[in-house]
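*Asks:* The primary structure of each chain is shown beneath.
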Amino acid sequence: MAVVFQKPKSLTDAVLHYCPGCPHGIIHRLVAEAIDSLGIEGEAIGVAPVGCAVMAYDYFACDMIEAAHGRAPATATGIKRCRPDNIVFTYQGDGDLASIGMAETVHAAARNENITVIFVNNAIYGMTGGQMAPTSLPGQVTQTSPYGRDVAHCGWPIKVCEMLAALEGPEYVARVAVNNVKNVKAAGKAIQKAFQNQMDKKGFSLIEVVSACPTNWGMTPQKALEWVESDMLPYYPLGVYKDRTAAKEGEAK
Amino acid sequence: MAEKTERVLMKGNEAIAEAAIRAGCRHYFGYPITPQTEIAAYMAKKMPKIGGVFLQAESEIASINMVYGAAAAGMRVMTSSSSPGISLKSEGLSYIAGSDVPAFVVNVQRGGPGLGGIQPSQSDYFQATKGGGHGDYRMIVLAPASVQEMASLTVKGFNLADKYLMTTMILADGTIGQMMEPITFEDVQVEAYDKPWALTGTKGQRKHNIVNSLYLKSDELERKNFERYARYKVVEENEVLYEEYGMEDAEICVVAFGIAARVAKNAVAAARKEGVKAGLIRPITLWPFPKKVLRQAADQVKAFVSVELNMGQMIEDVRLATECRKPVSLCNRAGGMIPSPGQVLDSIREAQKGVC
Numbered sequence: 001m002a003v004v005f006q007k008p009k010s011l012t013d014a015v016l017h018y019c020p021g022c023p024h025g026i027i028h029r030l031v032a033e034a035i036d037s038l039g040i041e042g043e044a045i046g047v048a049p050v051g052c053a054v055m056a057y058d059y060f061a062c063d064m065i066e067a068a069h070g071r072a073p074a075t076a077t078g079i080k081r082c083r084p085d086n087i088v089f090t091y092q093g094d095g096d097l098a099s100i101g102m103a104e105t106v107h108a109a110a111r112n113e114n115i116t117v118i119f120v121n122n123a124i125y126g127m128t129g130g131q132m133a134p135t136s137l138p139g140q141v142t143q144t145s146p147y148g149r150d151v152a153h154c155g156w157p158i159k160v161c162e163m164l165a166a167l168e169g170p171e172y173v174a175r176v177a178v179n180n181v182k183n184v185k186a187a188g189k190a191i192q193k194a195f196q197n198q199m200d201k202k203g204f205s206l207i208e209v210v211s212a213c214p215t216n217w218g219m220t221p222q223k224a225l226e227w228v229e230s231d232m233l234p235y236y237p238l239g240v241y242k243d244r245t246a247a248k249e250g251e252a253k
Numbered sequence: 001m002a003e004k005t006e007r008v009l010m011k012g013n014e015a016i017a018e019a020a021i022r023a024g025c026r027h028y029f030g031y032p033i034t035p036q037t038e039i040a041a042y043m044a045k046k047m048p049k050i051g052g053v054f055l056q057a058e059s060e061i062a063s064i065n066m067v068y069g070a071a072a073a074g075m076r077v078m079t080s081s082s083s084p085g086i087s088l089k090s091e092g093l094s095y096i097a098g099s100d101v102p103a104f105v106v107n108v109q110r111g112g113p114g115l116g117g118i119q120p121s122q123s124d125y126f127q128a129t130k131g132g133g134h135g136d137y138r139m140i141v142l143a144p145a146s147v148q149e150m151a152s153l154t155v156k157g158f159n160l161a162d163k164y165l166m167t168t169m170i171l172a173d174g175t176i177g178q179m180m181e182p183i184t185f186e187d188v189q190v191e192a193y194d195k196p197w198a199l200t201g202t203k204g205q206r207k208h209n210i211v212n213s214l215y216l217k218s219d220e221l222e223r224k225n226f227e228r229y230a231r232y233k234v235v236e237e238n239e240v241l242y243e244e245y246g247m248e249d250a251e252i253c254v255v256a257f258g259i260a261a262r263v264a265k266n267a268v269a270a271a272r273k274e275g276v277k278a279g280l281i282r283p284i285t286l287w288p289f290p291k292k293v294l295r296q297a298a299d300q301v302k303a304f305v306s307v308e309l310n311m312g313q314m315i316e317d318v319r320l321a322t323e324c325r326k327p328v329s330l331c332n333r334a335g336g337m338i339p340s341p342g343q344v345l346d347s348i349r350e351a352q353k354g355v356c
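Those protein sequences? They're chains E and G, same order as listed.
Numbered according to our numbering, the first sequence spans residues 1 to 253.
Numbered according to our numbering, the second sequence spans residues 1 to 356.
Bound conformation, chain E alone (with noise of 0.2 Å):
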């Protein structure tokens, strides 16, 4: 009997622990697959951040490091310039890249390092149950703005593609989303790009990939991603911010 779907070879067998309905399980599996296809899961190198992802140590079956919240940019940056030859990729969320690491971001992408950069937006601190992200977006209630995010209070949500597509240094910077079929297979589309500039020596490649988190939105999951359609994606937009190598041949043509 053919095999038409399969468990992808760069997951092991443990059993995810992430909350039901959660985009994470999509997503691992996409990393996962262009690992596959590219095949280089003996070359991969994984850098797991803190939040929820935190365990992904245990779910790629590549060589994993547990990196210290917010610094997987700077680790990911030591392991890539003493080991070139191996791909090195970050699995991060909002609070980890976008608040406390976001010093290791900018950075990493300014010095254009060539690793690949894979930020889980969920607009919330899923781990420590709910809080305000530097995503959450305006009005949006959390368990630390109760009445919904004011922006005179607190600020506006950051957008990490546009700010960073702003700097010299990324290859490539682009914003997709898991909320549904189409928008998933334009993801693992967008995450085999950003392995294969890595491999083709391109330099810094970041893919913020616009999930949901039904638990701490309180949602359920179907609701959750009608949210990312209606909320998230019209303050996200989806699409690619930055592609230094595709400019260079538009200007050539």
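Hints are computed from structural coordinates only; laboratory data are not their basis.
Note that the structure is a prediction, hence the values are computed from the model and not measured.
Beta carbons: idealized from backbone N, C-alpha and C, even for Gly.
Keep in mind that a hint or two might mislead.
Unchecked claim - Ranges of calculated distance between the beta carbons of each label pair, as one might list FRET restraints:
hint, chain 1, residue 1, chain 2, residue 2, range
1, E, Thr144, G, Tyr215, 23 to 31 Å
2, E, Lys185, G, Gln205, 28 to 36 Å
3, G, Gly24, E, Glu229, 31 to 39 Å
4, G, Leu214, E, His153, 31 to 39 Å
5, G, Pro48, E, Asp85, 16 to 24 Å
6, G, Gln205, E, Glu229, 40 to 48 Å
Stated by the list, open to error - Think about it this way: if two alpha-carbon atoms lie no more than 30 Å apart in a straight line, the pair counts; the simulated BS3-like pairs of lysine-lysine are:
hint, chain 1, residue 1, chain 2, residue 2
7, G, Lys217, E, Lys9
8, G, Lys207, E, Lys9
9, E, Lys7, G, Lys217
10, G, Lys207, E, Lys189
11, G, Lys233, E, Lys201
12, G, Lys130, G, Lys224
13, G, Lys326, E, Lys202
14, E, Lys7, G, Lys49
15, E, Lys9, G, Lys195
16, G, Lys195, G, Lys217
17, E, Lys9, G, Lys203
18, E, Lys202, G, Lys46
19, G, Lys46, E, Lys201
20, E, Lys223, E, Lys182
21, E, Lys185, E, Lys7
22, G, Lys45, E, Lys201
23, G, Lys130, G, Lys353
24, G, Lys163, G, Lys217
25, E, Lys201, G, Lys203
26, E, Lys7, G, Lys207
27, E, Lys189, G, Lys203
28, G, Lys49, E, Lys202
29, E, Lys201, G, Lys277
30, E, Lys185, G, Lys203
31, G, Lys265, G, Lys130
32, G, Lys195, E, Lys201
Stated by the list, open to error - Non-contacting residues of chain G with respect to chain E, defined by C-beta distances greater than 10 Å in every case (computed):
hint, residue
33, Gln189
34, Gln296
35, Leu320
Chain E is fixed; fit chain G onto it per the hints.
*Replies:* Just chain G now, kept in the frame of chain E:
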């Protein structure tokens, strides 16, 4: 670069950098801070020429986490900083300890707290020997008292880090970092250790390696801590280093490390000239602390004088090691000031008189 037996005149900071390269370190990550920036400058110049990596990080925090990554990748790697920068690195030092990877870190101390000053100090003794970062962990702490020791303890530090899978810290100060003395590199012995735990990529040949300090199961985390402390116990048994001077018949034992020991040695010699039987014990490893020799000295001498460039930090370990059997007095300067041999001599005289 100097030949093996050639004597060269070097700054303490440069001696560390050159010795690190000779010890096989090819990866340096750092951030500028006085009074240790010569280390970074030396590495920036040398590393690209020998196939190594020098990278100026965006912060102390980033640089120690780069060290964490490089150490996990199995490399001999280092960073260097001075007191305020070491505070920032402390989180990373805790992760490195919790992940049992070897790292080499230099603290060329300046006066504190806060931004403090840029003059020499020993006020990070507590931070270096008692933790600094969170959680139960130790670092091997080496205290050079000369430019030659800056070099030789650097080589030893890399070896010890790899041997025991922990951080070795050189706890120097601005004086030794900045002063120049003739040194040789003839004692460089590089020990090689297998690193089967390193992140290299599985190459499809083995199960994946995980470098990690997270253990959500309490019993497992407890077990890791006990295992780590069993290893520390071996360090305490085998790696203590100290120097004794004039201790054979000493009645007053001066205890001092680093640049303070250089001053203290002069004072001990001066005391002997005027008939006071003084001696010096100079801890070279601040952790593991030379407890046994101090405990033995407590049966011999009348009193101890702890000479420090801080408000009295090592003195606590001297009291613990001697089990408070004899009085221990403090002779100190702080904030970047250094005691004169005369001040130390006064303290020795007072101790002799029993005025402690």
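*Asks:* What hint numbers does the structure not satisfy?
*Replies:* 3, 11, 13, 14, 23, 29
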